[in-house]
Each structure stands twice: as structure tokens, then as C-alpha cells.
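*Asks:* Sequence:
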Amino acid sequence: MSPGFWVSVVIGLLAAGSVFLATACFSLRNFSRSRLASVCKARGNLQRFGDILKEDETALTACEMLLLGALAPAVALLARWIDAGAGTFWATTAIELLLIATGTVLMIVVVPLSIGNVFGENILFRCWPVIRCLASLARPLTYLSWRIDTLFHRVAGRRDPEPDTVETFTDELQSIVDEGEREGLVESRSGRMIQRVMELREDDVRAVMTPRTDIVVIPSDADWNQARTTILESGHSRIPVVDGTPDNIIGLLFARDLLEHSSPDASDRQLTEIVRPARYVPESTTIDHLLERMKRERFHMAVVLDEYGGVAGLVTLEDILEEIVGDIADEFDEDEEEQIHRVSDDTTDVDARVRVDELNELFEYGLPEESDFETVGGFVFSELGHVPAPKETFTWRNLRFTVLDADERRIGKLRIRVDRTLVATEEES
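Per the working numbering, the sequence shown starts with residue 5, numbered consecutively.
It should be emphasised that the hints constitute simulated quantities derived from the structure, not laboratory data.
Predicted, not measured: the structure shown is a model, and the values here were computed from it.
Do not take every clue at face value.
[To be verified] Pairs of lysine to any residue, SDA-like flavour, derived with a Cα cap of 20 Å:
# : residue 1 : residue 2
1 : 417       : 369
2 : 417       : 347
3 : 58        : 181
4 : 299       : 200
5 : 299       : 314
6 : 417       : 405
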């Protein structure tokens with residue numbers, strides 16, 4: 005056999021390998037985790053799903069390097085082979101280069117990209133042992149690439165590169181949601197719900213709890229009629245029972261237990277006989293961890309403790325759900341005044357318990373969020389340094405705050421007005 009035959013065989017093998025590696029690269033770069041999980045589940049091998057997620061970045065780097073290693077000699081041999089039979093005419097050389105470039109783009113970009121987008125998950129599942137083997141062979145190259153990447157990160161003063169983390173995945177998901185909203189594929193309401201779900205792992209229970217000052221409690225020495233009256237007036241199905249002060253919660257009284265044990269001789273029994281133990285969580289507990297614990301241990305209410313062991317507030321499963329879907333109104337909420345009321349385009353009345361980040365999201369006020377307070381009432385306390393009296397007014401940047409309701413201990417209602425004159429003054433300065 006002539007040398008030209010073996011050259012063509014080598015070129016064919018390198019070209020086939022390049023197509024396979026390019027397809028693997030596009031599959032690793034663009035695969036859907038949910039579709040890959042479905043493929044692995046349907047094939048009865050979920051272990052492979054975990055293996056792919058664990059090593060996909062290393063495999064991608066290895067495939068890219070091996071692709072370059074296979075493509076370069078293939079193109080060089082092809083050019084030399086064509087040039088040997090074409091002579092030295094410049095037009096022939098130009099056509100040769102055009103054909104090589106067109107063929108390379110088709111084989112290495114167009115076709116593998118289409119295959120990877122359509123069959124990427126199936127290709128990864130079926131070919132993962134081969135891809136993994138190639139990644140092992142190219143480990144010295146991937147290690148060298150990682151060391152060079154680390155060196156440049158340090159020269160630039162950045163942290164060393166790390167594999168994808170939950171934060172990276174969350175950022176990618178947020179980008180997808182934002183893009184979906186811009187394209188009209190995702191409703192803004194659905195986008196907000198997805199964002200709130202992702203924020204559950206970042207926010208602690210202080211963001212959703214009912215503060216201690218707003219907790220309805222029943223004294224441990226209360227009689228059954230008093231307990232029944234408190235439950236009816238509050239509309240709550242679970243109420244903390246305290247021994248003396250709210251910091252000493254001895255358990256929770258369930259309305260169902262009270263009804264089950266109601267009898268003519270109930271007045272002779274102690275309320276503490278039917279009190280259930282309370283669950284306690286530190287206020288630094290993240291919402292997602294509390295939600296997982298509620299699901300695992302099957303409870304709907306927890307007492308939130310501060311760093312000194314005192315009661316900071318109370319958090320329920322409904323509070324967490326409202327953090328995701330918004331306020332959930334029931335028959336006892338019909339007559340409650342809304343916490344945020346838009347009076348005009350420039351003026352808004354808000355409850356002092358409204359969170360600062362919620363106001364910023366709705367009206368773009370630009371109030372500070374990275375501070376010791378979480379509510380607009382806490383912001384006012386921070387700015388004034390005292391408990392304001394009703395009708396007291398102060399200005400922060402272009403916002404004018406007026407206290408509508410307050411007592412000697414806390415603020416009830418505030419009015420926030422965007423002062424256009426202050427906006428004009430700031431722009432002129």
C-alpha cells in the first residue's frame with residue numbers, strides 16, 4: 005500500500021476523533037442537569053449522574069486539550085496531502101485553504117454543536133466511560149492548565165479558581181430567570197418566586213419571624229376559658245404558653261388539644277397538662293435549614309432564640325411559605341390594614357415592620373440593607389437614635405420620613421415621600 009493510503013487513514017482517524025471530542029465538549033458545556041437526571045434515571049444508573057456532575061469540568065478541559073491535539077496534526081497532514089497533488093498554483097492553494105477551513109468548521113463546530121444540543125445528555129450517559137478514560141489520560145495536561153490558571157488568578161489578586169459551587173449554580177439560575185423574564189418566557193411573578201426560593205439558603209429566620217413584641221401568649225396559670233378566649237380573639241391555632249415572662253416559654257397550646265379535652269370539669273384541670281413541647285432554633289438558623297427540619301421532624305412552629313438565650317420571636321411554616329409566594333390571607337386577615345399602601349406616585353404609607361429590602365425592591369429607595377436592622381422601623385431608630393414621637397419628620401437623601409403612629413416603645417406607621425426638590429438639588433450639586 006502506498007504512503008498516501010496510510011496518510012489518508014491517519015487523517016480519517018484524527019478527523020473522527022476530533023468530531024467525537026468536539027461533540028463531547030459541546031455536550032459537557034451545554035447539557036441540562038434535569039434532562040441528564042431523567043436519562044440516568046430511565047436507564048437505572050443515577051450513580052452516573054453524580055459522577056458526571058462531579059467531574060464534568062475536568063472532563064471538559066481534557067476533551068478541549070485532546071481536541072486541539074488531534075485537530076492540529078489532522079489539518080497539517082490534510083494540507084500537506086492536498087498540496088502534494090495540487091502543485092504550486094496560488095489559486096489552487098487558496099481553494100485548498102478554503103476547503104480545509106470550511107470542512108474544519110463543519111466537523112468541529114456546526115455538526116458537533118447540533119448533535120450536542122439535541123443528544124448531549126444521551127451522549128454523555130453512553131460515552132461517559134470513554135470520556136472519563138480520556139480525562140484520566142489527559143490528567144497531566146489538565147493539572148498543568150489548572151496551575152497556570154491559578155498563577156494568573158494570583159497575579160491578578162483574585163482568589164484561586166474553584167469548582168462550581170452552590171453560589172455559582174445559583175448565579176447561573178438567576179441569570180436564566182432574568183433572561184427568561186426579558187424574553188417573556190417567564191412571568192415576573194414566577195421569577196420573583198424562584199428568586200425567593202434561592203434566597204432561602206441565604207436569609208436567616210429573623211427575616212420571617214414574628215418579633216417578640218407581637219407574639220400572642222397565654223400565661224401558664226390561665227384557666228381554660230381564658231385560653232379559649234385568647235385563641236378565638238387571635239385566630240391562631242397554636243399559641244405559646246409562658247411562665248411569667250415571654251422569655252420563659254414552657255410549650256405550645258394547640259387549639260385542637262383544647263377542644264379535645266374540653267369537658268364540664270375542665271376548670272379543675274391545669275392548662276399545662278395538655279401543653280406540647282416547643283421547638284427552639286437560634287436566630288442565625290437559615291430558612292432552608294429550618295424548613296428541612298420542620299419537614300423531617302414534622303412541626304409547624306418554632307421559638308427563635310437570640311444569642312443570650314432570650315426569645316427573639318416566633319416562626320411558623322406559614323411565615324416561610326409567605327416568604328416565597330407573598331402574603332397568604334385567611335378569614336382572620338380580612339380586616340387587617342395592608343402593610344404597604346401607595347398614597348400617590350411620590351408617597352407611600354408603610355408599616356414599620358416592613359423589611360428594607362422589600363421596600364427597595366418595590367420602590368427603589370436605595371435604603372441601606374447591609375446593617376444591623378432589617379425593617380424600616382429599625383432604619384428610623386438607627387437614623388434618629390431615639391423613639392420618635394408621632395408627626396416627627398426627618399430627611400434621608402431624597403426621602404422625607406414622617407411618623408404617623410408610635411408609642412413610647414416602638415413605631416407603628418410611617419409615611420415616606422420622595423422629595424423632588426431634594427432630587428433636583430442633588431442633581432445640581
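*Asks:* All hints are to be evaluated individually against the structure, with a verdict given for each.
*Replies:* Status of the hints after comparison with the structure:
no.: 1; hint: 417 / 369; result: holds, 17 Å
no.: 2; hint: 417 / 347; result: holds, 13 Å
no.: 3; hint: 58 / 181; result: violated, 24 Å
no.: 4; hint: 299 / 200; result: holds, 19 Å
no.: 5; hint: 299 / 314; result: violated, 25 Å
no.: 6; hint: 417 / 405; result: holds, 10 Å
Consistency note: the structure conflicts with the earlier hints numbered 3, 5.
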